[in-house]
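Peer 1: Let the hints inform the model, and build the full structure from the sequences given.
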Amino acid sequence: MHRGSWNGVQRRAVQTLVIILAAAVLGACGGSGPSATMGPGAASGTPAEASPVILSLPPTATPTLAATPTATPPTTSLRDVDWRAVLTGDPALEFGAAPSGFPAELGDLYLPDGPGGVYGFPALDEILYGDLDGDGQEDAVIPFHSGGTAGAIGVLVYRATPDGPRLAAAQPSYKMDIRLDGGELVLRTAAYAGWEPNCCPSAWVETRYRLEGDALVPTAEQVGPVQGSELLTVEHFYGLLDAGDYEAAYAFLSPNFQAANPYDAWVSGYANTERVIAYVAQSEPGRVTVNLEVHERDPAGDTRVRYFSGTWYLIFDSERRQWLLDRAEIREVA
1 MHRGSWNGVQ RRAVQTLVII LAAAVLGACG GSGPSATMGP GAASGTPAEA
51 SPVILSLPPT ATPTLAATPT ATPPTTSLRD VDWRAVLTGD PALEFGAAPS
101 GFPAELGDLY LPDGPGGVYG FPALDEILYG DLDGDGQEDA VIPFHSGGTA
151 GAIGVLVYRA TPDGPRLAAA QPSYKMDIRL DGGELVLRTA AYAGWEPNCC
201 PSAWVETRYR LEGDALVPTA EQVGPVQGSE LLTVEHFYGL LDAGDYEAAY
251 AFLSPNFQAA NPYDAWVSGY ANTERVIAYV AQSEPGRVTV NLEVHERDPA
301 GDTRVRYFSG TWYLIFDSER RQWLLDRAEI REVA
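Residue 90 in the working numbering sits at position 90 of the sequence shown, and the numbers go up by one each step.
What follows is a list of derived Cβ distance ranges for each label pair:
1. Leu106 <-> Asn198: 16 to 24 Å
2. Ala123 <-> Asn198: 20 to 28 Å
3. Gly244 <-> Asn198: 21 to 29 Å
4. Cys200 <-> Gly269: 26 to 34 Å
5. Tyr279 <-> Tyr119: 37 to 45 Å
6. Asp113 <-> Gly239: 34 to 42 Å
7. Arg287 <-> Ala97: 47 to 55 Å
8. Phe308 <-> Phe95: 51 to 59 Å
Hint data in this document are derived by calculation from the structure and do not stem from the laboratory. Even for Gly, the Cβ is constructed at its ideal location relative to N, Cα and C.
Peer 2: Structural data, given as structure tokens:
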């Protein structure tokens with residue numbers, strides 16, 4: 001047999017084999033047309049929308065998919081770490097010797113000047129845990145105390161990382177109440193109008209924070225009066241009158257009262273006043289009872305004493321963060 005004849009026979013055999021294999025594949029697939037795309041349970045002639053077609057590739061043809069970058073979860077919960085070791089090992093914090101005279105229960109860790117101005121004694125038994133940035137991992141809020149009347153004066157916020165706790169944010173404040181609510185850090189702090197003694201602020205400010213990146217971002221703020229500060233407000237008002245500081249006293253009157261009593265007309269009523277001694281008592285929220293002893297000069301130059309009694313009604317000014325005297329029901333008594 002010639003080589004050329006052998007090659008022609010070989011070609012015809014291969015072609016026949018290809019045709020046979022193609023027919024076998026088509027028969028296994030059920031032919032062509034719409035029915036070839038039907039999934040399990042689909043009505044005849046209707047493509048199955050919810051059933052994807054899954055192709056099985058030979059093992060040698062399976063592609064390698066690149067891994068999707070994801071944050072590696074921390075291996076240890078923040079609730080289980082040694083916070084004393086974390087704080088003293090943090091290069092952002094430089095602890096020093098605690099000032100003398102503070103109670104021993106505050107501990108021996110003292111931060112004289114930390115990030116964001118936070119300082120004081122870390123309250124390791126008051127740490128709060130919650131997800132403040134929505135990443136599914138708990139963050140830790142560590143309060144710092146002044147050791148004195150200022151109470152809690154700041155917080156440090158740590159987040160969990162695969163390498164351990166990392167300082168994320170700091171927030172200083174004054175006389176704080178600290179809580180977590182709905183994934184937010186809520187700080188309620190004392191607010192002063194400027195004339196009050198340190199013990200007794202007129203108002204509180206409550207600010208809600210979310211952790212965004214490495215910052216505590218405020219989301220809402222609310223201002224309200226401190227219970228009982230009405231009494232101190234009225235007491236201070238009469239102290240200003242007694243000192244003859246009528247301009248400062250007039251500022252404690254509400255806009256409505258001032259509109260009805262312009263300054264010049266109001267202050268002329270005290271032209272002959274030498275002393276104003278007030279005895280005040282809180283009766284209920286927004287109301288303060290007063291008993292007044294007023295020393296006045298009469299036309300002859302002599303001093304006479306007059307007595308008054310009644311009630312002041314006050315309103316709270318959230319912008320000025322203090323109470324204002326709004327309306328008086330005060331009468332002279334024998």
